[in-house]
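K.L.:
The lines below spell out each chain.
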Amino acid sequence: MEARIPAYVDALCQEIAWMGASGGKRMAVLTVFFGGGTPTLLSPDQVERILSTCRRNFSLMADAEISMEANPGTVSLESLRRLRTAGVNRLSYGMQSAHPADLRLLERIHDTFDVIRAVTWARQAGFDNLSLDLIFGLPFQSLERWRQTLETALGLHPEHLSLYALTVEHGTPFQAWARRGLVPLPDDDLAADMYDAASERLAQAGYFQYEISNWACERNGKILSCRHNLQYWRNLPYLGLGAGAHGYIAGHRTINVAAIPAYIERCRTMPADDAFPAGPATIQAQPIDRWTEIQETMMTGLRLTAEGVLADAFKARFGISLERVFGGEIDRLIQQGLLEWAGEPRALRLSLRGRLLGNAVFRQFVGSEKPADLGI
Amino acid sequence: MNTDHIRNFCIIAHIDHGKSTLADRLLQKTGTISDRDMVEQVLDSMDLEREKGVTIKASAVRMNYTAQDGGTYELNLIDTPGHVDFNYEVSRALEACEGAVLVVDATQGIEAQTLANLYLALESDLEIIPVINKIDLPSAQPDVVAEEVENLLGIPAEDIPRISAKEGINIDQVLESVVKRVPPPKGNDDAALRALIFDSHYDPYKGVVAYIRVVEGHLRNTDSLRLMATNADVRPVEIGIFAPSMRPVDLLNSGDVGYVATGLKTVSECRVGDTITLTAHQAAEPLPGYLHPKPMVFAGIYPVDGDAYPDLKEALEKLQLNDASLTYQPEKSQALNFGFRCGFLGLFHMEIIQERLEREYDLDIVVTAPSVEYQVFLLDGTQIVIDSPVQLPDEGTISEIREPWMGLDIFSPTEFFGTIMDLANKRRAVFKEQNHPAPSRVHLSFEIPLSELIVDFFDDLKSRTRGYASMDYHFAEYRPGNLVKLEVLVGGEVVDALAAIVHKEDAYHKGQRLVTKLKEIIPRQLFDVAVQASADGRVISRANVKALRKDVLAKCYGGDISRKKKLLEKQKKGKRRMKMVGNVEIPQEAFMAVLRLGDE
Chain F
1 MEARIPAYVD ALCQEIAWMG ASGGKRMAVL TVFFGGGTPT LLSPDQVERI LSTCRRNFSL
61 MADAEISMEA NPGTVSLESL RRLRTAGVNR LSYGMQSAHP ADLRLLERIH DTFDVIRAVT
121 WARQAGFDNL SLDLIFGLPF QSLERWRQTL ETALGLHPEH LSLYALTVEH GTPFQAWARR
181 GLVPLPDDDL AADMYDAASE RLAQAGYFQY EISNWACERN GKILSCRHNL QYWRNLPYLG
241 LGAGAHGYIA GHRTINVAAI PAYIERCRTM PADDAFPAGP ATIQAQPIDR WTEIQETMMT
301 GLRLTAEGVL ADAFKARFGI SLERVFGGEI DRLIQQGLLE WAGEPRALRL SLRGRLLGNA
361 VFRQFVGSEK PADLGI
Chain U
1 MNTDHIRNFC IIAHIDHGKS TLADRLLQKT GTISDRDMVE QVLDSMDLER EKGVTIKASA
61 VRMNYTAQDG GTYELNLIDT PGHVDFNYEV SRALEACEGA VLVVDATQGI EAQTLANLYL
121 ALESDLEIIP VINKIDLPSA QPDVVAEEVE NLLGIPAEDI PRISAKEGIN IDQVLESVVK
181 RVPPPKGNDD AALRALIFDS HYDPYKGVVA YIRVVEGHLR NTDSLRLMAT NADVRPVEIG
241 IFAPSMRPVD LLNSGDVGYV ATGLKTVSEC RVGDTITLTA HQAAEPLPGY LHPKPMVFAG
301 IYPVDGDAYP DLKEALEKLQ LNDASLTYQP EKSQALNFGF RCGFLGLFHM EIIQERLERE
361 YDLDIVVTAP SVEYQVFLLD GTQIVIDSPV QLPDEGTISE IREPWMGLDI FSPTEFFGTI
421 MDLANKRRAV FKEQNHPAPS RVHLSFEIPL SELIVDFFDD LKSRTRGYAS MDYHFAEYRP
481 GNLVKLEVLV GGEVVDALAA IVHKEDAYHK GQRLVTKLKE IIPRQLFDVA VQASADGRVI
541 SRANVKALRK DVLAKCYGGD ISRKKKLLEK QKKGKRRMKM VGNVEIPQEA FMAVLRLGDE
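So the sequences go chain by chain: F and U.
Start counting the first sequence at 1; every next residue gets the next number (my numbering).
Start counting the second sequence at 1; every next residue gets the next number (my numbering).
Take the hints with a grain of salt, since some may be wrong.
[To be verified] These stretches of chain F come out as covered by chain U in the derived footprint (C-beta under 8 Å, 3 or more residues):
1. 163-171
2. 218-225
3. 247-253
4. 298-304
5. 348-361
Hints are computed from structural coordinates only; laboratory data are not their basis.
All values derive from a computational prediction rather than experimental measurement.
Where is the CB? At the ideal position from N, CA and C, for every residue including glycine.
Okay, chain F solo, but in the shape it has when bound:
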């Protein structure tokens, strides 16, 4: 695996260069996100090289958010210093839990001391925007144990927290264990209690919830949300670069080939410029029609618990008002107490109760035929 990294980085830089050159006028880049695996397997030099390739081929903004996901057990002070120097300015640690039993269940190699040390080093290396990922609703996890995890995390004063409810997905070892009766299935009511307890505690600690699973601190009057993820939730474009990456660019959802050798192989030859948005490693580029875009905008935008879907922005983007398209659905969901109109500028968003029942809301905005009479 490690032996392939240099070739992989070469391929990635090839892809970046081709995308930068083929995407029309020089694209402005506001955020870069190293994620989807263990990017800390890259050496700081390799990160440096990737970022400078980005700078050469895109207009990478001076105040761009450059995030990296990191495993708290695999970082060192030295590597963190060099990442910071290379331009990475936001770190997201997969802390998951402060309890050894939870970590064992999740097959994590780190422990809480690793997390404390990794956070300390990050601060020493000059990172002032740190996020911690935590998981709740784990088998055998009590409300009390969850509170302890939360307190431990708060004690580390991260700028940002992501709290994810465990979802048992098809084809995961968890599902197999649960089916064989080795672990209890997560109890949704208990998970809901944990979520409520966390919401309350985080608000008290000065964190601001901006998405179903995400909280951030305020600094200089600005919420330190993950700007990169906001791009997804606002249903705005992004490039997906690297093996298995997904992108949403020029009205297409793109998927890159997932296997690393295949990715490296594909990036050896570049397609013609007019293939864009399909790049050298793209295996699928699905055009998104207007109606799908509208549905996806609702599905992702309503995840933003504070901002929601802005009425004016929607109108400006699609040339029709939210109420004209979804009046019936909106009224019904408001009546059910799951949605609310709020704020100035006016926005549609999940109610407090709706936050944990998001699917019941999102379902109303997807999977329906395009209304014929609206001229969408």
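Add chain U to chain F, keeping to what the hints say.
P.N.:
This is chain U only, laid out in the frame that chain F set:
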């Protein structure tokens, strides 16, 4: 015309005592069917019959037999349905005979249906020829069983043929007994025609084929015939005999058994028990005993997939062509949508129809809990008849509800006495008497509401007695009962498909069971859902399906969006298949689970 050489007889037996095997052997022995063409159990032509080991439809066959006295005889074997649900059809088939071969299993002795069929045969004044079958089996006790039969019939044990139909042992003795002991048919060949219809089937080319026994007079294939009950005239497509397949003849004489292909389109126009006479020369009176068999057990039948409704309708139409006792009418349930309210002669009949729909017509169906027909007397003096709880009027208007009671006979080894009494007790049965046909066997008689009998009674009996007990039942009378309508409410709305008419004493625990089951099955909604059972205007059980608190994708990032949208769309599709009760979404499968579980 001389009828001395004719013998009309049937074989009667308890299920699995070997009736069909004996019939096969008689056909072979008389050369009616060559050994090569012998399909096991020729008379049971439906797969289902062969599988269940019972005869559903009667059949008839003519055999020629040269007896030890040197004479050649025409033996008409009329096969009878083997189950009590078809009592009326059995009784008509018996009317077409002068004698009955009573087959008793040498390993089991007299069982409930042995006796039930025997009584029917005696009512028809038939000569009874008992035979003891299965003597080849190691566990056979022919002497013990012979004594049991002697006690019952007064026929000396040593005169009873002991045979093995399977091995072909002593089959001659059966044929000789039929020739010697069954009287030839009497009847005036010159009188006005009276022929009894004892069975019928639908043939796509010849229309309804009526199986007849000419009691008096004769008919030719050119005669115009009249069906006396319906007053319909038909010109037969052909007349004939069963030899064993249909063979046309020109003439059927008094005493003969044969068929008339009527060309009619449905068997309901040509009812079992009706009398055929000549249009030109009518008999003054029809033969006695014509009845229009009435369904006793009712249930809703619904397609699992609503699109299959037309297929279900067509299948029921086709089944009815051959089975005039099956009734159906359209019904709509809020939970199950469109289906049919069907009437059956009994539980067994219902089971057969259900299986034929599933197997022969490949339909996926739901059958609601069976109900009986209630007589409801209203305070204003009027009386109505209902066969579904939905039809029950408001309690305040009712003065009395009467339900059908049955006479129930159970035969069992004595060791199960206690558990049978316990079962009977639980099902509101009233004990009448007990007899001991043999030292180790007991015959228990009860009276029991039909409604108690139709819900898994037989299954329960079989499991309590490890399959050793047999039972039989017959209609007794309508009796007033302390009955209430049990309703189930979900979110305050009555769920029609789950209503039942129950005895007041059972209402509480039945209601509680339904509520518990529903609570498990109904998925959590966006709000609390109350599940209640009510009887007599009072809520007797309640439970709460707590509101759903968490249903959200924890993560949704760039790579996920298309996939997550598809997931949500799939969930939405699933929701569309839900049935709405008020504003509660209930998966159709949940109703089916409740209905299928029945009353375990």
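K.L.:
It remains to establish, for every hint, whether it holds in the given structure.
P.N.:
Hints, verified against the model:
no.: 1; hint: 163-171; verdict: holds (count 4)
no.: 2; hint: 218-225; verdict: violated (count 0)
no.: 3; hint: 247-253; verdict: holds (count 3)
no.: 4; hint: 298-304; verdict: holds (count 3)
no.: 5; hint: 348-361; verdict: holds (count 6)
Consistency with the previously given hints fails for number 2 only.
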